[in-house]
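Residue numbers (the working numbering): 138 to 271.
Keep in mind the hints are simulated off the structure, nothing from the lab. The hints are all genuine.
Cβ pair distances, simulated, as ranges: (1) S204 - P260: 33 to 43 Å; (2) S150 - G189: 29 to 39 Å; (3) D234 - A258: 36 to 46 Å.
Here are the simulated DSSO-like pairs of lysine-lysine, each with C-alpha atoms no more than 30 Å apart in a straight line: (4) K202 - K139; (5) K252 - K218; (6) K268 - K183; (7) K224 - K178; (8) K268 - K224; (9) K139 - K178; (10) K224 - K183; (11) K178 - K252; (12) K268 - K139; (13) K183 - K218.
Note that the Cβ used here is the ideal one computed from N, Cα and C, for glycine as well.
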Amino acid sequence: MKDHQIEVRVRYSETDQMGVVYHGNYIPYFEIGRVEWLRDKGISYKSMEESGIALPIVSMNVNYKKSARYDELLTVHTVFKSQSSVKIEFDCAIYNDSDELLTTAQFILVFVSLKTGRPTAPPDYILELLKTIE
Numbered sequence: 138m139k140d141h142q143i144e145v146r147v148r149y150s151e152t153d154q155m156g157v158v159y160h161g162n163y164i165p166y167f168e169i170g171r172v173e174w175l176r177d178k179g180i181s182y183k184s185m186e187e188s189g190i191a192l193p194i195v196s197m198n199v200n201y202k203k204s205a206r207y208d209e210l211l212t213v214h215t216v217f218k219s220q221s222s223v224k225i226e227f228d229c230a231i232y233n234d235s236d237e238l239l240t241t242a243q244f245i246l247v248f249v250s251l252k253t254g255r256p257t258a259p260p261d262y263i264l265e266l267l268k269t270i271e
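Using the sequences and the accompanying hints, generate a full structural model.
Okay, here's the thing in structure tokens:
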């Protein structure tokens with residue numbers, strides 16, 4: 138339950154003239170993975186924001202190993218790593234349809250109150266969820 142996988146197909150607009158995914162386009166793939174990780178656990182990111190909590194990235198480390206290409210079906214792996222105080226961490230990886238590792242990433246996100254713009258404790262429902270998967 139710590140991990141989740143979702144498939145994403147590379148669109149033409151995400152590539153350069155050679156059909157290679159532009160490096161900045163991996164970040165939205167990873168975002169899809171994190172949002173769907175939450176959804177898979179019964180948490181809507183939209184509902185969380187509507188209740189006054191945002192979850193911005195404060196740190197990311199991306200390691201590019203091999204290029205993704207136009208029309209490839211990618212699998213985004215998202216794994217919950219840890220949660221402490223106001224932070225939550227994920228390890229992520231992207232594989233192509235030949236199961237080759239293309240990219241890895243680590244993300245640290247912080248729970249933030251939309252009213253104050255300041256870090257805040259995660260909502261109880263998220264803490265309860267994280268207790269069940271740690």
